[in-house]
Every structure is written in C-alpha cells, then in structure tokens.
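The lines below spell out each chain.
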Amino acid sequence: MSNDNRFELRMTGSGGQGLILGSIILAEAAIMEGKIVTQSQVYGAEARGGTTKAELVISNKHIAYPKVTDPDLLAAMTSEGLKQYGGGISRKTRVVVDSSVMSAPDFLNEENCRGLLALPIRSTLISRLESELGLNIVLLGIIEGLTAIVHVEMLRKAVAMHIKKQFLDFNMKALDLGMEMVEAQAKTGIRI
Amino acid sequence: MSEKMVLMQGNEAVAEGAIAAGVRFYAGYPITPSSEIAEIMAKRMPQVGGTFMQMEDEIASIMAIVGASMAGKKVLTATSGPGFSLMQEGLGYACMVEAPIVILDSMRYGPSTGMATKVSQMDLMQTRWGTHGDHWVIVLSPSSVEESYQLTIRAVNLAEKYRNPVIVLSDETISHLREPIGISIPPTIVDRRLPTKKAGYLPYKTDESLVPTVANVGTGFRTSFTGLVHGESGFQTANGHVAEALVERLRDKLFNNLDDIIQFETDRVEDADILFMSFGITARGVSESVESLRSHGRKAGSLRFITLFPFDDDRVRKAAGNARTIVVPELNSGQLVLLVKRVFGDSRKVVPMNKINGDLISPQEILNFVREENL
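Going down the list, the sequences are from chains W and E. Take 1 as the starting number for the first sequence in the numbering used here and just add one per residue. Take 1 as the starting number for the second sequence in the numbering used here and just add one per residue.
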C-alpha cells in the first residue's frame, strides 16, 4: 500500500478466466480485515469471451473515487488484455504477465513502471495441477505473494466462501501454487 | 465496526433496501444496467411472501405497480433511460391518482438505446419533465452502494407518506459497483394513512397534510380513481376551480414539507471560494478533488444533491455559502447547471463541466479543468 493507504489493482484477460470473481474474493478478504473496498468491472456483452477487466481498490479509509486511476498492480492474463487495458500505468505500477500465453511486452521499462514479472502462469497450472481451470485463484496467490495485501488465512476463507466444497482442495492448491511461483521467482534473484 | 459489513453490488442494495422497506410487489422488464434488480427480486419476492411479475414492456410494468400500490402493496420497478421513456405515461397517471410507487432509473448513455453498458447522467431532466403537464415527483440520487440501500428505503417511505411517485436516480457505475455495507440495523418504516370510517368516505378529501387517505382497493370502500381531473369523490370533472385546486394540492403536499424531503451533503462550504455542485457518482470524483485542492491551500467545497427534486432555489442559495465560483460537473451536456444558473443568475460565476463519452469524471480531470479555466 502506498502512503495514502490506497491499493489499486487491475486485472485483465479474457472472459471466463474468472478475474471478476477473483477480484470479488480478494475484496471479501479485505472486508473481513475491516478494510474498505470498491470493486468494479468492464460490464456488458463485449466482456463475454472477449477481453475483460476487473478492478479493486482497497483502503484503510473511506474511498471517494471508486475506480482505479493509478494501479499499484496490473495483472494481464492475455496480450489483448494488456493492449486494451494496459494504459494508465505509472512508475508505481508493478506489472504481472502470463508468459506462457504472451511474450513480455517490450514497451514496459524502468521509465514507465515499477517492474515487470513475467510468469508462466497457465502452463504451470496445467503441468502442476493438471487443470486449465483455477487461473484466477493462482493469480490471487501471486498477488498475495507479491503484496501480502491481506492475511493469507483471510484469503483462504474468502476463497471458501465462493468455491463449492468438492473443488476447495484444488483451489487451495491453486492459491499455494501462485504464492510458490512468486517465492521461486524471488530466489532466482530476478528483481521485479 | 459493530455492524457486520457485507460486499454488495449497487443493484443488489436497491433490491435488499426495497425488501427491508416492505416492498412486496415488483413488476418490471429487465434492462441493462438495472437487470440484476429484476433478477434478484424474481428470487427474493417469493421468499418474503411477495410477488414478482415479468411484464411484456415498461408501460405494463409501471401500470402493474400502480395497480398493486392502489391495492395496498409497497411496490418497485427498475429500469434505464429507454424503459423510463416508456414509463412516462404511467408516471403521470401515478402522480394524478396519487399512487405511492418507487421507480429506480439506472442511467446509461443516451439518447435512445445509446450505449447500454456506459454511464451517464443524462436522465436528470427526464425525471422532472418526462411526463406531460404540471406535476411533481421526488427524485433521490445515491452516490454509493450503501446509499443505494438507504435511499431506496427512504424512497419507499416518502412515497407512502406523501402518496407520490418517488424516483431513485442511479447510474451504471453505482448499479454495478461492489462496496461493503452494513445493514443489520432495522430501518424506520412509514406506512400510508388509511381511512377508518366508511360513512362519508371521500377518497381524495384531505386534511391540512394535503395527502389524501385513499382506501386500498378491495377493503370495502367505494373508491374511484382516474387520470382525469377529479374532485374529492375521485370522479371526473371539467370544473376549472376543482382542476386548479387539485394541481395546487399536488404541488403543495410536497412543497409544504421541503424540510422533510430535501437533503444535501455539504463539505467545507463555509469558507469556500470555489464550490462544486454535483450529484450521484460524479460527487465522488469531486470529493477527492476538494481534498486535493484543500491540501494545496485552495479553499474548495462541495454541495452534493441527495434530493434532486423538489428543487428549492432558496435552500440551495442558503446551502451554497459565499463561493464566488460554482463549478457544476455532470455526465451530460448541462442539465443540473440550468437549475444552478436559475438560482444564482449573474451573482456568481457558474461554470458547467460536462463529459459525454461514457466515462466518469476523474478527480484529476476536475483539477485540470480548474487549472485550465483559471477558476
């Protein structure tokens, strides 16, 4: 969180990846910690199957303007998402991209963002958990690993609020996988 | 925080607020960005012993809630600009028969079918002047999810108290926004007054409140109601004196109670030299701009209209302090600013700030505007 206690997250990808649900889960974890949130999304026909965007603002105090204006974290799960909603970043923005579906964008550098983390999210999910589903929860794990924006236990509780019992184990593994990926990346010494 | 906070979407807050206020009849025709209200009410009405009716269009929707209201139910319909246009006929009828109804209009980009998923504030004047003839409505404007809940309750209560249509004027952003709200405190509920004696009963006879005690249909009272000019009996007349008295009473039953109906939210108006006047979602960008201007030593303030109509010039003038410059940001080509200019004439510098591309006005845009216009 920045000095004014405002944390802004923007996630973009394609409809069906569950990014909106991901933002709602993180919002609920934050509320359980007594924080204030505003969650919004690109809405409408164009978002279904097409490019989608979910936004979340978390703060310790009242949030007046509810939309993301200067993201602390931008997570792009498709190159189209990055193209469409990757604008409006600044030197405070950390960018996460899924390197298994896109090459690292060459327009990002030290001048225009705080750092770029390219992780093979989708391919790791498939190889480790043998699933194409759960990308949004892996991403939540990555966001948590990077920011510790909420307590992990709160995040688990919020995931459990939205996931059916029979899929809960899998989703907890997905969450752990995301956090592991950040840890592993940190050990290789690549700065973000 | 003593209350348990839950994450809720704006549309969900409207539906739950209506239920908390006692709404047990919903008729509607789903339209973006209000559709979730119909979806939620379809599920929730049967759970609370109410009725949900999917109608064939918005004309039928408003007529259905007028009918249910005259039969004693607390009622709601929800729509957006294109559907609200169709409802205008029924809105005038509801004013005339004095049906307590609540309409939620979630503004999307207009005119016509416009852009279904984009925000605007283009229906402001439609709420006031959309239906023909001299008539008066109450229009409330939420700027958050929490306030969507609270103002829907207030709308139902005001509709019952004054036997008048109340419009909750929301927008695409607030409708789809999710925020934490606390709803564990049971709300204050207002019920319409009903007649007690059948002898000498006249449905539209009033006491000093000017609000009639019309019997609910089916309760044994002989009640007539019509959109035609009518006297105390409820039956049609073409008598000019009766017509004049009726239209005056429709106005005065609200205007005699402006202290009860009108609400503003003000922020540091007292010493402001630049004052922003806004409503709904736009006020949230304003709020951050005021903070930012203050932190740079500029005496900025804000007046947010919670009640948009009735619009009382004297109250606005008194609430506005002495700021020499008044900026009116809104997501249309200039509607609220017409009223603000009416209030202040040339006595202040009234500056419109308009955005009509389907996006919100951000705090930074307001700051840029103030700088570029040398305000």
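There could be a bad hint or two in this list.
[Unchecked claim] Residues on chain W that point at chain E, a partial pick, calculated with CB under 7 angstroms: (1) ALA27; (2) ILE31; (3) THR38; (4) SER40; (5) SER59; (6) ASN60; (7) ALA64; (8) TYR65; (9) PRO66; (10) ASP70.
I should point out that these hints are in silico values taken from the structure, not numbers from a laboratory. C-beta atoms are modelled at their ideal positions from N, C-alpha and C, and glycine is treated no differently.
Here is what the structure says about each hint:
1. ALA27: Nearest chain E Cβ about 6 angstroms off; hint holds.
2. ILE31: holds (5 angstroms)
3. THR38: holds (5 angstroms)
4. SER40: The hint holds - W:SER40 has a Cβ within 7 angstroms of chain E, the shortest such distance being about 5 angstroms.
5. SER59: violated (11 angstroms)
6. ASN60: violated (12 angstroms)
7. ALA64: Holds, because the Cβ-Cβ distance from W:ALA64 to chain E comes to roughly 4 angstroms (cut-off 7 angstroms).
8. TYR65: holds (5 angstroms)
9. PRO66: At about 6 angstroms, which falls below the 7 angstroms cut-off, the nearest Cβ of chain E leaves the hint on W:PRO66 intact, so it holds.
10. ASP70: Hint violated; W:ASP70 Cβ to chain E Cβ min 9 angstroms, cut 7 angstroms.
Hint compliance for this structure: hints 5, 6 and 10 are broken, all remaining hints hold.
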